[in-house]
Amino acid sequence: MRRRDGVTVAVFVGIFVLLAVALAPFAWNVLTSFKEKGEYFTYPPVFVPSSFDLEHYVRGLHLGGAKGIKDSFIIASLTTLLAIALGSLAAYSLSRFRIGGDNFAFWILSVRMMPPIASVLPLFLFFRFLRWLDTYQALIFTYALVNIPFAVWMMKGFFDELPVELEEAALIDGCGRLGAFVRVALPLVAPGLVATALFCFMFSWNEFLFALILGRSRVVPITVNIAGLIGGHEILWAEISAVSIVASVPIIVLAILLQRYLVRGLTLGAVKG
Amino acid sequence: MGGLRKRDWWMAFLFVLPVVVILLAISIFPMVYSFYLSLCRWDIGMGGQRTFIGAGNYLRLFSDARFFNSLKNTGRVLLFGVGTQFALGLSLALLLNRSFRGRSLVVTLFLLPMMISPVVVGCIWKIIYHYQYGPLNYLLNLLGIRSVNWLGSGSISPYSIVLADIWEWTPFMVITLLAGLQAIPDDLYEAARVDGANRWQIFSGVVFPLLRPVVIIAILIRVMDAFKIFDLVVLLTMGGPGQASESVAFYNYLTGFKYFSMGYASAMSYVQLAVIVAIANVFLRSFKGRAVV
Amino acid sequence: MRKFLLFLFAFVLLASVAYASPVKLVVVGDAGHNLKPFEWYAKDLKEKFDVELEVIGVPFGELYEKEKVELIAGTGAFDIMIVFPKFLAEFAANGWLYPLDEFVAKLDPKLDDVTPGYRDFYCKYGGKLYALPYDGDVLSLYYRKDLLENEEERKAFKEKYGYDLKVPETWDEYLDVAEFFTRKAGEKLAGEVLQRDFYGTAYYGQKDQIFAWWGNIFASLGGVYFDEETMEPAINSEAGVKALEIMKEIHKYCPPDVLAYGYEELKDVFLNGDCFMVIQWPCVGKKGADPAQSKIVGKIGVSHVPGVKKDGEIYYRAMMPCGRVLAIAAQSKDPWKAYQVIHYLSVVTSLDDVSTPETGLDPYRYSHFAHPEAYEMFANVEDAKIYLAGVQKNMEKGYPEMVLPGTVEYEETLGVALTKALAGELDPKSALDEAAQAWRDILERFGKEQQKALYQELVKGWKAVGLW
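Chains as they are written, first to last, in the working numbering: chain A, 1 to 273; chain B, 1 to 293; chain C, 1 to 468.
It is possible that part of the hints are untrue.
[Stated by the list, open to error] According to the in silico footprint, chain B covers these stretches of chain A (three or more CB under 8 Å from chain B):
| id | stretch |
| --- | --- |
| 1 | 40-53 |
| 2 | 138-145 |
| 3 | 202-216 |
| 4 | 252-258 |
For the record, the hints were derived by calculation from the structure and aren't laboratory data. The C-beta atom is built at its ideal place from N, Cα and C for all residues, glycine as well.
With the hints as constraints, model all of the structure from the sequences given.
Below, the structure is given as C-alpha cells:
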C-alpha cells in the first residue's frame with residue numbers, strides 16, 4: 001500500500017522542514033551553552049562557538065544547578081505518582097459509575113483553571129500554618145492541584161475506551177470490583193497511564209511561580225535556580241543554556257524509554273471508537 | 001453498566017474520595033481567602049490595612065483599559081497561538097501517522113521544545129529575536145528579507161510571543177493527536193477507500209469525527225494553559241513596548257506581586273476564572289454527545 | 001539537692017552550648033555575583049563577630065516579591081536583606097525593618113564618606129537610618145572618546161553645527177551629537193565604510209526603568225514628582241512635556257528596537273561599537289574595559305549626564321535607579337550582630353568589593369572614588385581615573401528615584417505613558433496627563449495625606465543637600 005509517489009516525497013520533505021524548524025532553537029540553545037561572554041550578542045551572530053569545553057556546564061551545576069535538578073526530580077516524581085495513583089482511581093469511578101455526574105467532573109477540571117496569582121499568597125499563609133514552607137511536600141501538593149485534574153480527565157478518557165465486558169467477565173469469575181480494577185482495567189490502560197505521567201512530570205518540572213514563593217533555601221527547584229542566573233547586571237546566558245540542557249535530560253530519557261507507550265498509550269483512551 | 005448497586009456506590013465513592021479530599025484541602029482555603037480578598041481593598045504597600053469594599057474591585061476592573069488590553073492579547077494567543085498549534089499539530093500528526101523507518105526518533109525529536117523549561121525558552125528566543133544581533137534577522141537578511149523589529153514594535157511584539165508559544169507547545173498537540181489517529185482501525189480507511197472516497201472525504205468523513213474527542217481534550221488543556229501565559233511575556237518583552245504585549249496573567253502578576261494590590265489582583269483572578277470556565281463550558285457543550293466527557 | 005545539682009549541670013551545659021555555637025544569620029539578596037562578598041568574608045565574620053551566615057539567592061527580577069511575601073506573613077526567615085532603595089521606605093513604613101540609629105554610636109558607619117543621594121535618601125526613612133549602602137548605582141554618560149577626537153569628524157561637525165565637537169553638556173548638544181553620529185550602512189565613520197547602521201545613541205526602553213532616562217532630562221529642567229503643597233502630580237508639567245519632547249527627538253537617533261531595550265541590550269549595542277553614546281549604569285564602564293565582552297576597550301569616555309545651561313552654568317541631575325542597600329529585618333534573631341556584619345561589608349571591605357570585576361557592585365563612597373589604582377579591571381590607572389571622575393560627578397548630583405510606598409506602580413505607569421508617546425500613539429502632553437491621572441488614583445488608594453507627609457519629608461532632605 002505504501003507507494004513512493006509524489007505525495008510520499010512531499011510528506012517527507014514536509015516533516016523534514018518542520019523538524020528543522022522545531023530543532024533550530026533547540027540547537028541554538030545547545031550552541032549557546034558553549035559560548036563565551038563576547039559571543040552572545042554580536043554581528044554577525046556567532047553560530048559555532050570558539051570552544052566546546054564544558055566549563056559552563058560545570059559552573060552552572062555548581063551554582064545550584066545540581067541541587068535544583070535533584071529537588072525538581074523529587075518533587076516532580078512524587079507529585080506525578082500522587083496524581084497518577086489517585087487520579088486513575090477517581091477516573092475509574094467517574095468513568096464506570098458516572099459518580100457525581102458531569103458537573104462534578106467539571107469541578108475537578110476547574111480547579112486546574114484557577115489563575116495562580118490569586119492562590120500564591122493564601123497558599124503561602126496556609127503552608128506557613130502547617131510549617132511546610134521550604135519543604136518538598138508543599139510543592140508536591142501544590143502541583144497536585146494542577147496534575148490531579150489533568151490525570152483524572154486523561155485517565156477517564158482511557159477508561160471510557162475499555163469495553164466494559166472485560167471487567168464484567170472478571171466479576172463473574174469471582175473478582176471483586178477492586179480486583180476487576182486492579183487486575184483487568186489498570187493493566188489495560190497502563191500505556192495511557194505512562195503518557196499521562198510524562199505530561200504531569202513535565203508540568204511540575206517546568207513550574208516557576210509557586211516554586212519561587214514556597215521554596216527558600218532547602219528547596220530550590222531548577223526553574224528558580226535558572227531564573228537566578230538572570231542577574232541585574234549580568235545574565236549568564238551560557239550557564240542558563242547548559243543547566244537547561246542538563247535539566248531536560250531526565251525528561252528526554254524518560255520520553256525515550258516510554259516512547260513506545262507514549263504513542264500507543266494515548267491511543268487507547270482518547271478515542272471513543 | 002446499568003444502575004449503581006449500593007456496594008458499587010460505596011466503592012465509587014471511596015475511589016474519588018482521596019482526590020476530592022486533596023483538592024478541597026489544598027484549594028478551599030486559597031479559594032475562599034482570595035475570594036474574600038477580592039472584595040477588599042488591600043494595598044499592602046502601606047500599613048496593610050484591609051477594608052471591605054464589596055464589588056469595588058470588580059467595578060474598577062471594568063473601567064481598567066489596561067486589563068481589557070491584556071485580555072485582548074491573551075485572546076490573541078488563544079486564537080492564533082492555540083489555533084496554529086492545532087492546525088500544525090494536526091498536519092504533523094497526519095504526516096507522522098504512517099509508518100516509516102526512524103519514526104520513533106522523529107516523534108521524540110519533535111518533543112524536544114516542550115522539554116525545556118519556559119524560562120529558558122524565553123531566554124533562547126530573546127537572543128533569536130534580537131534586532132541587530134539575533135540569528136533570525138541575520139538569516140532573513142541572507143534571504144534578502146529586511147530585518148523585522150520582533151520585540152521593539154508594539155504591532156509585532158504580541159505576535160512574536162505567539163510565535164514562540166507555537167514553537168514551544170505544538171509538540172503537545174502533535175503527540176496527543178497522533179495518538180488519537182493511531183487508534184483509528186485500519187479497516188475503516190480501507191472500507192472508505194473501497195467505497196471510492198478520496199483523501200479529503202476520508203479525512204472529513206471518517207478520521208475527523210473519530211478524532212474529535214482527542215481534539216477536544218488537547219485544545220481544552222492547551223487553552224487553559226495558554227490563558228496563563230506568563231514566562232514568555234516577562235522574558236521576551238516585559239509586556240512591552242509599553243503595554244502592547246501584556247497578557248492577562250502578566251498584568252495580574254504586576255498588580256498582585258509588584259504593586260501588591262492584593263484585593264484588586266484577586267478580583268482580576270476571579271474574572272479570569274469566570275472567563276476560562278465560560279470558554280471551557282461553551283467548548284464542551286458544543287461538542288457534547290459524542291465527546292469524551 | 002541532687003535535683004538542684006542536676007539542674008545546675010543542665011543549665012551550665014546548655015549555656016556553654018549556646019555560647020559555643022555561633023549565631024546563624026540568614027542573608028537574602030539577588031542571586032549571583034553581588035552576594036559573593038558574603039561568602040568571601042564568611043570566615044572573617046565568624047572569627048570577628050561569631051556569626052555564621054546562610055546566604056539565600058533569589059532571582060533578581062523576583063527579589064522584591066519574595067522578600068515582601070515573607071515579610072507580610074511575618075515568617076522571620078531573614079536577618080540581613082539586600083533591598084533596592086525604592087522599596088526601603090515601604091518596608092520601613094510597615095515596620096518590617098530594624099532601625100539602626102542605636103548602633104551608629106557604637107560602631108560608626110562613616111556616613112559622611114557616602115555620597116549624598118545614598119546617604120540621605122536611600123538609607124533613611126522618616127528621619128531614621130534603616131540601611132547601609134552596598135551598591136551605588138547612578139547613570140552616567142558613556143561616549144566614544146576615539147570618535148570624538150577624530151580629526152575628520154571634528155571638521156565635519158564644525159562645518160555642520162558651527163561649534164567644536166565635544167562631550168555634550170546640554171540636551172541640545174546631546175541631540176546635535178546624536179544626530180551627527182547616526183549613520184547608515186555604507187556611509188563613512190571616522191574614515192571607514194560602515195558595514196551596518198551606526199546609531200547616535202540609545203536608551204533603556206522597557207517600561208520598568210525608562211522613567212529614569214526621561215528623568216535625567218526632567219530633573220535637569222527643574223521637574224519634581226509632585227507639588228509638595230497640594231500633592232498634585234507634577235510629571236505632566238511644562239518640564240515633563242519638554243523632557244518627553246526632547247526624548248522623542250533622541251528617539252530618532254536610536255536603534256529601531258530601542259523600546260525593547262533593557263540593561264543587557266543597551267550595554268551590548270554600546271560595547272559592540274554600534275552606538276556613539278549611551279547613558280548607563282557604572283558597571284558598563286567596568287565591562288567596557290574587559291576585552292572579552294567589549295570591542296571598544298580604551299575608547300570609552302565618561303562624563304556627567306547632560307543638563308541645561310542656567311546663568312552660564314550647567315545644571316544637571318543624574319538619576320540613581322536601582323542600587324542596593326543592606327537592611328536588617330525587624331524580626332532578626334540578633335540585630336546587633338547583623339549590624340556588625342553589614343557594617344563590615346559597607347565600611348571595611350567595601351572598596352575591595354566595588355573595585356573587583358568579580359562583583360557587579362559600584363562605588364558609592366568618596367573613598368571609593370579616591371582610589372583609582374584599586375580598580376583591577378582597567379588596563380591602566382588613567383582609564384580608571386577617567387571612569388571614577390565621571391561617575392563621581394553624577395553621584396554628587398544624583399537625583400533619587402521616588403522612594404514612597406507604591407514606587408513600583410508610580411514608575412511603571414509613568415513608563416507605560418512614556419512608551420506610548422515614544423511609539424507615537426499619544427502626543428507627549430496627553431501621555432503624561434494619562435500618567436498623572438494614574439498617579440492620582442494610586443495616591444487615592446495609598447492615602448493621599450500619608451503620602452503627602454512622607455513626600456514633604458523627602459523634599460526637606462533633598463533641599464537640605466541642595467539637590468532640589
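Evaluated hints:
1. 40-53: holds (count 7)
2. 138-145: With 4 residues in contact (Cβ-Cβ under 8 Å with chain B), the coverage given for the stretch 138-145 of chain A holds.
3. 202-216: holds (count 5)
4. 252-258: holds (count 3)
Figure legend: structure checked against the earlier numbered hints; every hint is met.
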